[in-house]
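Visitor: Chains as they are written, first to last, in numbering that gives the first Met the number 0: chain A, 0 to 293; chain B, 0 to 301.
One or more of the hints may lead you astray.
Below 20 Å or equal to it, Euclidean Cα-Cα: the simulated SDA-like pairs (lysine to any residue) are [unchecked claim]: (1) A:Lys234 x B:Thr51; (2) B:Lys16 x A:Glu120; (3) B:Lys109 x A:Phe35; (4) A:Lys57 x B:Asn155; (5) B:Lys109 x A:Leu20; (6) A:Lys57 x B:Ser137; (7) B:Lys16 x A:Ser194; (8) A:Lys57 x B:Phe139; (9) B:Lys109 x A:Ile269.
Computed footprint of chain A on chain B, listed as stretches where at least three residues anywhere in the stretch have a Cβ under 8 Å from a Cβ of chain A [claimed, not checked]: (10) 28 to 42; (11) 94 to 108; (12) 235 to 242; (13) 256 to 270; (14) 275 to 285.
If you're looking for bench data, these hints aren't it; they were derived computationally from the structure.
Where is the CB? At the ideal position from N, CA and C, for every residue including glycine.
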Amino acid sequence: MAWRDADIPSLQRRAKRRRRLGRVGLYTSAILFSFFAVFPFSWALISMFKQSSDLYVKDNNPFWFNLAPTLEHLRLLFVETNYLTFIRNSFVVGLAVTLITLTLALPLAYALARLRLRWGERMGIAIFLVYLIPPTLLFIPMTRVINTLGLQESLWSLIVVYPTITIPISSWLLMGFFKGIPMDIEEQAMVDGQSRIGAIARVVLPLMFPGIVAVVVFAFTLSAHEFIYALAFNKSSAVKTIATGVPTELVRGDVFFWQSLQAAVIIVAIPIALVFNAFLDRFIKGFTMGAVKG
Amino acid sequence: MTSSTLTRDRYLADNPKFLAGLFMSPALIYIIALVGFPFVLAIIYAFTDISTGNPELNFVGFDTFRRVLDDPVFRKALWNTFWFATLANLVVVVLATALAEVLTRDFRGKWLVRFLVLLPWVAPVSLATITWLWTLDSIFSPIDWVLRQFGLITENMYWLGRPQLAMWSIVIVQAWRIVPLAAVIVMAGLVAIPDEINDAVAVDGAGTWRRMFQVTIPLLAPIIAVAVLFGVILSISDMSLVYVLTRGGPTHSTQVLSTWAFIKGIEGGALGQGAAVALFLLPVLVGITAVVLRLARRREVL
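Let the hints inform the model, and build the full structure from the sequences given.
Guide: Right under this line is the structure:
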């Protein structure tokens, strides 16, 4: 017994030291990962307030304001470029895409998740696979389709095409959320005299709110993110989105308006990141729930 | 089933088969019209000499493919695509697993760390890439400035201006962008590991590293595979990053299939050749699809 009593403090000490070492490692890696992720953004954030005569001197400290910071480049961005138009365009496209996606994907996901179809599972996987067909494979014929429909150089081209990306992934997400709602709730409503549609509208859809929000966030972020289609369909400045407008319009010939360009990135990227971040958990939950076989 | 037999006859829409048709057809028609049809058209285009100047469907057999294959730039792009996707995803697997491990722990300031490390993924890709374009600038790159201060270099690096270095630059930027996504996917897997397993391993006296390599990683293998799958698909199909950073230059040293298809097909107007170039992505995608299906059948993930 005696040896054991003597050993306990030293064991405790060792465990404590190990734990402290683990904490140090944890914080160090958290800081290193954050630094790597944020580095180019922080450089952008500093640059956007720098005067040109400070920024464009090779040996000036890039991380410090050698001359007083200025808002001139922000003014340039908002007053002399189509930046606000790009933001509005992305927003309009996002709204329309959200509506189309929900109208088409909600019923599809409901049918696949809750009607106990014999081929429902296989169909669900098939629809998910559509998501794996990348725009790179489709943008050339798609350009022709859009031209034939007369939609090129308008926001309609994007409004029509983006649901091909959002519907598959949203159906998959929504299937997961539908499976999470017990069948009994719906069946009880039907026993109580509701039609199935009535039961869906009054009982099931309200419970789907988190899933619907996830789809809304996804559709909006996609319309701000998507690049290839937007670049291929719309070449005039008035119908560009944030993703294509900023990299193509704020570069005039070989002259980059670096400060305004970085400001344009920061102003859009941070709010989108905040919103996306807030819904990420829900998004992952939906994603993995869609994965759970019902 | 009892409830549906109970109510079946009251409303037509209560019939599951009718309802299934009603609910599924709009979305399916949309997908078939705007994914299925262009997909078939892409294959047809690859066998014609269609261009923006000559929009007739003129079948030329394998001529378009032969012309694409004879082009040294195409062969370079094919090779580059392979290296780009492989190297970037190797980096991603290592970093994402570590990052997921960090983010599942509790520590002070976690919310902020999570927000910061997710930034590369949640910011629109073309915009996030612009910050790198500026970070890797040939004259004003802050990285070069730091290296100069430490006396490590006297001349600038020209990160995007020299063939080999440009390739490494786009690989690192791509990894930077995908790591958050992969980490988030891996995290979903980490959270799903029952606490009992971790407790049992801890009771057995295994330390962090042993737990990580002998328990966590083997259990995570399927979900890491899913993360890699998404990473590979993004790397071979999303051209925005390469297009914004280098447009395939210098001298096509970072040209990949997706940028080459765009440059040939849209900017050059050779629609047939562009479609043929893009079709070379198809075998890879079919392979990935097969893997996804196998995983799905094993009912572990997806």
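Visitor: State for each hint whether it applies.
Guide: Checked hints:
1. For the proposed pair lysine 234 of chain A and threonine 51 of chain B, the alpha carbon gap of about 16 Å is at most 20 Å, so the pair holds.
2. Taking the CA atoms of lysine 16 of chain B and glutamate 120 of chain A, the gap is near 15 Å; set against the 20 Å cutoff, the hint holds.
3. Restraint check for lysine 109 of chain B and phenylalanine 35 of chain A: the C-alpha separation of about 16 Å stays at or below 20 Å, so the hint holds.
4. Only pairs whose Cα atoms come within 20 Å are accepted, and lysine 57 of chain A paired with asparagine 155 of chain B is accepted, the gap being roughly 10 Å.
5. A C-alpha spacing of about 18 Å is found between lysine 109 of chain B and leucine 20 of chain A, which places the hinted pair at or below 20 Å, so the restraint holds.
6. Of the supplied pair hints, the one linking lysine 57 of chain A and serine 137 of chain B holds, its CA atoms being roughly 10 Å apart against a limit of 20 Å.
7. Between lysine 16 of chain B and serine 194 of chain A the CA atoms are separated by roughly 15 Å; this keeps the pair inside 20 Å, and the hint holds.
8. Pair hint lysine 57 of chain A plus phenylalanine 139 of chain B holds up; C-alpha atoms about 6 Å apart against a cutoff of 20 Å.
9. Of the supplied pair hints, the one linking lysine 109 of chain B and isoleucine 269 of chain A holds, its CA atoms being roughly 18 Å apart against a limit of 20 Å.
10. Requiring three or more residues with a Cβ within less than 8 Å of a Cβ of chain A, the coverage given for the stretch 28 to 42 of chain B holds, as 9 such residues are present.
11. Check result for the stretch 94 to 108 of chain B against chain A: holds, 7 residues qualifying (beta carbon to beta carbon below 8 Å, three or more required).
12. Restraint check on the stretch 235 to 242 of chain B versus chain A: 6 residues with Cβ-Cβ distances below 8 Å, three needed, restraint holds.
13. Counting residues of the stretch 256 to 270 of chain B whose C-beta lies closer than 8 Å to any C-beta of chain A gives 7; at least three are required, and the coverage claim holds.
14. Residues of the stretch 275 to 285 of chain B with a Cβ under 8 Å from some Cβ of chain A number 5, which satisfies the need for three, so the listed coverage holds.
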